[in-house]
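Trainee: Spelled out, the chains give:
There are 2 protein chains.
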Amino acid sequence: MPNARRSERGPMMTGGTPLRSLDEEELLGHIIPAFPPSDDLVVAPGDDAAVLRTSDRTIATTDTVVLGRDWLDAWSSGADIGHKVVAQNLADVAAMGGVPTGVLVTLVADPELSLEWVIDHTRGLAEACAAAGVAVLGGDLSSAPAGVVMVSVTALGRLDGAPVLRSGARPGDVLAVKGSLGLSDAGLRLLQADAVERLPEAVQTHRRPRPPLAAGPGAAAAGATAMLDVSDGLLRDGGRIARASHVVIDLDLEALVPYVDVLADVLGAEQALDCVLAGGEEHSLLATFPPGDLPEGWRVIGRVRAPGDGEAAGILVDGRVVTHTGWDHFRTT
Amino acid sequence: MPNARRSERGPMMTGGTPLRSLDEEELLGHIIPAFPPSDDLVVAPGDDAAVLRTSDRTIATTDTVVLGRDWLDAWSSGADIGHKVVAQNLADVAAMGGVPTGVLVTLVADPELSLEWVIDHTRGLAEACAAAGVAVLGGDLSSAPAGVVMVSVTALGRLDGAPVLRSGARPGDVLAVKGSLGLSDAGLRLLQADAVERLPEAVQTHRRPRPPLAAGPGAAAAGATAMLDVSDGLLRDGGRIARASHVVIDLDLEALVPYVDVLADVLGAEQALDCVLAGGEEHSLLATFPPGDLPEGWRVIGRVRAPGDGEAAGILVDGRVVTHTGWDHFRTT
Numbered sequence: 001m002p003n004a005r006r007s008e009r010g011p012m013m014t015g016g017t018p019l020r021s022l023d024e025e026e027l028l029g030h031i032i033p034a035f036p037p038s039d040d041l042v043v044a045p046g047d048d049a050a051v052l053r054t055s056d057r058t059i060a061t062t063d064t065v066v067l068g069r070d071w072l073d074a075w076s077s078g079a080d081i082g083h084k085v086v087a088q089n090l091a092d093v094a095a096m097g098g099v100p101t102g103v104l105v106t107l108v109a110d111p112e113l114s115l116e117w118v119i120d121h122t123r124g125l126a127e128a129c130a131a132a133g134v135a136v137l138g139g140d141l142s143s144a145p146a147g148v149v150m151v152s153v154t155a156l157g158r159l160d161g162a163p164v165l166r167s168g169a170r171p172g173d174v175l176a177v178k179g180s181l182g183l184s185d186a187g188l189r190l191l192q193a194d195a196v197e198r199l200p201e202a203v204q205t206h207r208r209p210r211p212p213l214a215a216g217p218g219a220a221a222a223g224a225t226a227m228l229d230v231s232d233g234l235l236r237d238g239g240r241i242a243r244a245s246h247v248v249i250d251l252d253l254e255a256l257v258p259y260v261d262v263l264a265d266v267l268g269a270e271q272a273l274d275c276v277l278a279g280g281e282e283h284s285l286l287a288t289f290p291p292g293d294l295p296e297g298w299r300v301i302g303r304v305r306a307p308g309d310g311e312a313a314g315i316l317v318d319g320r321v322v323t324h325t326g327w328d329h330f331r332t333t
Numbered sequence: 001m002p003n004a005r006r007s008e009r010g011p012m013m014t015g016g017t018p019l020r021s022l023d024e025e026e027l028l029g030h031i032i033p034a035f036p037p038s039d040d041l042v043v044a045p046g047d048d049a050a051v052l053r054t055s056d057r058t059i060a061t062t063d064t065v066v067l068g069r070d071w072l073d074a075w076s077s078g079a080d081i082g083h084k085v086v087a088q089n090l091a092d093v094a095a096m097g098g099v100p101t102g103v104l105v106t107l108v109a110d111p112e113l114s115l116e117w118v119i120d121h122t123r124g125l126a127e128a129c130a131a132a133g134v135a136v137l138g139g140d141l142s143s144a145p146a147g148v149v150m151v152s153v154t155a156l157g158r159l160d161g162a163p164v165l166r167s168g169a170r171p172g173d174v175l176a177v178k179g180s181l182g183l184s185d186a187g188l189r190l191l192q193a194d195a196v197e198r199l200p201e202a203v204q205t206h207r208r209p210r211p212p213l214a215a216g217p218g219a220a221a222a223g224a225t226a227m228l229d230v231s232d233g234l235l236r237d238g239g240r241i242a243r244a245s246h247v248v249i250d251l252d253l254e255a256l257v258p259y260v261d262v263l264a265d266v267l268g269a270e271q272a273l274d275c276v277l278a279g280g281e282e283h284s285l286l287a288t289f290p291p292g293d294l295p296e297g298w299r300v301i302g303r304v305r306a307p308g309d310g311e312a313a314g315i316l317v318d319g320r321v322v323t324h325t326g327w328d329h330f331r332t333t
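For the protein sequence lines, the chains are A and B, in the order given. Throughout the first sequence, residue numbering follows UniProt numbering, covering 1 to 333 in sequence. Throughout the second sequence, residue numbering follows UniProt numbering, covering 1 to 333 in sequence.
Worth double-checking, as some hints may not be accurate.
Said to hold, decoys possible - Okay, the calculated beta carbon distance ranges per label pair: (1) Gly297/A x Pro33/B: 34 to 42 Å; (2) Asp23/B x Asp252/A: 25 to 33 Å; (3) Arg305/B x Asp160/A: 45 to 53 Å; (4) Ala131/A x Leu141/B: 27 to 35 Å; (5) Ser167/B x Gly147/A: 36 to 44 Å; (6) Gly308/A x Asp39/B: 38 to 46 Å; (7) Ser167/B x Pro291/A: 53 to 61 Å; (8) Glu24/B x Asp39/A: 33 to 41 Å; (9) Ala312/A x Gly68/B: 42 to 50 Å; (10) Thr17/B x Asp232/A: 22 to 30 Å; (11) Gly319/A x Ile32/B: 29 to 37 Å.
Hints were generated in silico from the structure; no laboratory data involved. If you're wondering where the values come from, they're calculated on a predicted model, not measured in any experiment. Built from N, CA and C at the ideal position, the CB exists for glycine as well.
Can you build the whole structure from these sequences, using the hints too?
Mentor: Here you go:
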């Protein structure tokens, strides 16, 4: 675990060149040139504001990560955080059925933060944006009290068809997922257990989730009735679709076996199922579709039905209401 | 100074109900209903992302304020900060010649921050957005280490004509201003001197700047060749236009007398001139126009010419190069 050992010494704050030794222009000189070029930029950052080519409807969302709350220096590099904060914002755009087009990025940091961390972080941001064909529209830099590092991203996107809301699932639909389940949570557990080598793919997913962005507009075009990205776990996020749509979603435990199997050797069956049902920060897409052919790569994991008499909208696992507070503490009501 | 006295006791952190006693849903219940309705929202906040009606080009900018760095609890209420952070973002949209249409707002705060401050702050944000006809497109809430309160806003806008950049000023143009000069800085000095009653309008401008938003697209339509908002002072911001446009701007000290006169009785002539030349956070609009009729309310304060042989692009005051580091320390080179 070279990363963790390196980070235990606190490289963000103690190594290299502190930000306080640079003026803003010098710092921007390390940041701006790293960002990918974009044909969608009518006016690039540097004036009062940037100007982006848009269509008649623009998707907008924002998400912020804070050191110590959303990540630990010991477990994630600056580049990892750049990848992750972009991914989680772009996933929200894709989950509306949209194509991400631009981001704005704000860094608020302790002046003791090292320039090297910022350069590494900027590289991660730029890589994630370039991979998604997304322009960097601007940002802001600000100093913060000791120990504070915070990155806030706003993402914009293009909507070519109708937006796919959480509220459109209909009885008779199937629930399907595109992408992995439980890997990010498994990665977090391996980091906590100092055992990253047991499943590096899981740790990589935790550090740099890769939402299946193109599948969002693909699902919209294929008639998805509801969609979101799995940020708080299959049960919680599936429950959101169910409640917003006033339906019951029956998860099929059998259909989840392939996802559990990936993790069971490393974590054991119970923890593996826990990760699959309740693991967050995965940013795979979860959607409901009318029965019939699904777009490529989507796998059916449940069915949508109308609530029975007196039954609340929500999500069931093999017919049971499951309140998740960690697999060992599942409460059956 | 009832405000300052109240604030010396630290109402943000010590009065009322701390945020830590609410869950996110309860907290959002205090925030979301305050925001103004908008016809431009295709999908309101609450799903993965909001969807805004846009045209073929969208302006985007972001600006963050941090407690202790950008404001003091003793001098600005939560509502003041809401007004101010919205105003400074919308001014950037107007300064491109655009019409602000939407904002996203992120609050990152110490869990000890009082709910009452957040409610007051939200009211200020909502008032400023409603006054400008701007929709709130979403936001994020996050906790932060002790003592940290930070508000980050991203503003979007519509561009109906060509964007007005900083780089378009041409020899022969006039430099004109729309709005006040020096009031915000004067207000800050009065707060520092515990003498707010001497010019309440200045203190109000410092707390709640009111950029002349409609004048931005108006100037664009009237043929403005360069524009920005006065955020760092007339000299620094005027210098930015001059350097970006490779021109010399001759400020006319005589034309600034009316702005100085507003402040001179209270601050004395030297400090008053200092505020007018170097005072930031005013968010008035500064633009260059071809000679001829100006849109209503713009006042000519200088002229644009080509640099002489060996002369650098920049701004002059009555023919002198002025490097401002406080009026008493002006350095003539």
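Trainee: Taking the hints in turn, state whether each one holds.
Mentor: Here's how the hints hold up against the structure:
no. : hint                            : verdict
1   : Gly297/A x Pro33/B: 34 to 42 Å  : holds (40 Å)
2   : Asp23/B x Asp252/A: 25 to 33 Å  : holds (31 Å)
3   : Arg305/B x Asp160/A: 45 to 53 Å : holds (49 Å)
4   : Ala131/A x Leu141/B: 27 to 35 Å : holds (29 Å)
5   : Ser167/B x Gly147/A: 36 to 44 Å : holds (40 Å)
6   : Gly308/A x Asp39/B: 38 to 46 Å  : holds (40 Å)
7   : Ser167/B x Pro291/A: 53 to 61 Å : holds (57 Å)
8   : Glu24/B x Asp39/A: 33 to 41 Å   : holds (39 Å)
9   : Ala312/A x Gly68/B: 42 to 50 Å  : holds (46 Å)
10  : Thr17/B x Asp232/A: 22 to 30 Å  : holds (26 Å)
11  : Gly319/A x Ile32/B: 29 to 37 Å  : holds (35 Å)
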